[in-house]
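Asker: Those sequence lines, one after another, are chains A and B.
Per UniProt numbering: the first sequence ends with 383, consecutive numbering throughout.
Per UniProt numbering: the second sequence ends with 383, consecutive numbering throughout.
There could be a bad hint or two in this list.
Copies of the same chain look alike in the list, so a pair counts if it fits in one copy or across any two.
Claimed, not checked - Cross-link-like lysine to aspartate or glutamate pairs, in silico, DMTMM-like; alpha carbons within 25 Å at most:
(1) 150 to 123
(2) 275 to 120
(3) 75 to 362
(4) 150 to 188
(5) 150 to 10
(6) 275 to 123
(7) 150 to 259
Calculated from the structure, these hints are not laboratory results.
Number of protein chains: 2
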Amino acid sequence: MSSKPSSVVDALATRQTPELILDEGRMLRNVDRLRAHLEPLGVTLRPHMKTAKSIEVARRVLTGGAGPATVSTLKEAEELFAAGVTDILYAVGIAPHRLPRVQALRAAGCDLSVVLDSLEQAEAVVAASANAPIPALLEIDCDGHRSGLKPRDPAIVEIGHALVRGGAHLRGVLTHAGESYTARSESELVAFAELERSAAVDAAGLLRQAGLPCPTVSVGSTPTAHYARNLDGVTEVRAGVYVFFDLVMAGIGVCQIEDIALSVSTTVIGHQPDKGWVIVDAGWMALSSDRGTASQAVNQFGGVVCDAAGKPYPDLLLIQANQEHGIVAVRPGSGARLPPLPVGTVLRILPVHACATAAQFDAYAVLPATGGPLQSWPRFRGW
Amino acid sequence: MSSKPSSVVDALATRQTPELILDEGRMLRNVDRLRAHLEPLGVTLRPHMKTAKSIEVARRVLTGGAGPATVSTLKEAEELFAAGVTDILYAVGIAPHRLPRVQALRAAGCDLSVVLDSLEQAEAVVAASANAPIPALLEIDCDGHRSGLKPRDPAIVEIGHALVRGGAHLRGVLTHAGESYTARSESELVAFAELERSAAVDAAGLLRQAGLPCPTVSVGSTPTAHYARNLDGVTEVRAGVYVFFDLVMAGIGVCQIEDIALSVSTTVIGHQPDKGWVIVDAGWMALSSDRGTASQAVNQFGGVVCDAAGKPYPDLLLIQANQEHGIVAVRPGSGARLPPLPVGTVLRILPVHACATAAQFDAYAVLPATGGPLQSWPRFRGW
């Protein structure tokens, strides 16, 4: 259940803009949807907290109070651990200079694991494991997106041996189909999910054939998590932006516009009638400069513009953004009519990329699922 | 004077990454350069603090301890006022719901002025001026960039009368040649500066002919501020990014790469040798998604990659960025050689857009102009 439109409009009318509005009802539906999809597939969900960066969101997303969780920075790990989350995977390739912070968290009782894809990193982890073994997963490159070893690279076994021989813990393999963000159809999404699964399972097989342990086989991205049909051999799935969704995910077809739980409130501060422009007080400082839908079938520019209740206006977009100014106009060529939006009108803009937009704010202004006044949930940031 | 390269390298080797590194020596040179250019032109410099958002930077940039200063948010005004800055121009069109905060700052002793370009806003300012007049400047559109009234629009006089009649203060006119960022030659930069000057002076003339006051004639952007040859009739110039400069400004020709005072430190965390990729721990979370040089003659992608001492590698760029991962590679087609950059190497990346990159951090790690250990200068954020 979400807050009633009329009460939302009343609540936003008395607040400063821009704010990061979180519709808790939509968020809970998104969380339930992925849980329900993964449960029959027999895998653990390890939500990625890099999008939310919030203890209040973590409490509603993590399947258990203690995790499991995925993070993209040690700052996220430290904040979550301070709030009682103890099973954490740090899913960005480990930089040797971060190992003292990893050991400090582990010594305090956090089961923090790290990720690597080179012998150099394995040697650093081994050196830091002298008194207390650090668990490490090998990163596998399933789709050429970024980091990782190819699924059948003999270096997988070599690095696995180096870890075990040196006294670190080899916890398994991990992959992420970042290229699934380029998918253009359901069949492509299903294929990316299978690519992810088979790459991780192949790499796990290499380790096991060599007599090495591989208890964890971790895959995931929001698109593949929702379209995986078969996860045989996989033990856990990671996903992050599914909690909120955004216009990039809607463009891929993973969600509907109506599922997007985040928006940025803004106020009309001017007009350029000759150009059909409405000037608002949300620029890239509030929304980020992410233009992730520019390469999709439907370019949503800087975001979809909604009324204060959260209902999108037909073909009304944030077409340009400066630091604290946004320019709202109808989609070029759409023929849609610009609604009357006098100075002072409060609007809400759906984000292109939820992770990037949320990062511009220190708190969520939450529309509670049970109704009632907006609540403030702090966000953390930094590294 | 800047810190010695060898001591910088030593200092960075022991720190976490990514950090926002500020070379104070370069900053002070940039600050001196614009001061020296404007002094003989007989105008006041009103630096825009939206880029720096820092009291320590403000102390080195503002010509007097009390200002004058320009801001893009009331949060910046409140922070600067708390630090003793009392002459502040809030240069984003006023939203009526912000007027109580404006009045609170003014009641506390801050000479805060606002900007508007419509009768609706003027009426709101008049209504809020009942007990204490608010000073307002009329925003003029000199180049079709964004907000403002055309320089000869009769509405200028109409709104001016509405302010004066209603008991607000008409403080003058303001314009900003935002389109100067598209300039491709020195002659275009000079022409944009003159466009800005003449638009503001024309609008001021309209007001004065109608018997209205116009004490302030305010122009400015970093490109035009540096290329103005004649500022007759102008009383003050605003600029912000000149304090740090960035790759967009270097692309326009307003500065050299060697003048850029900001960089982001990062650590090598992996390689994809087949692709010529070096993976680093600075993604868009550290650098922003701004790609402002993509439309310039030389596309610098996500930033120019330097060694830890701050010296650029030939044609080495951040070619892609995810949230916490950056991909470093040589410029496509350049034929440059990828230097050996083992895991753990510390690099520094020059920002495409200093305002956007700085906004991703809560503090500057400052290389002091006089040498010595790095210092931390906090940044403020939010609205």
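Asker: Which numbered conditions among the earlier hints are violated in the structure presented, ordered from lowest to highest?
Answerer: 5 and 7
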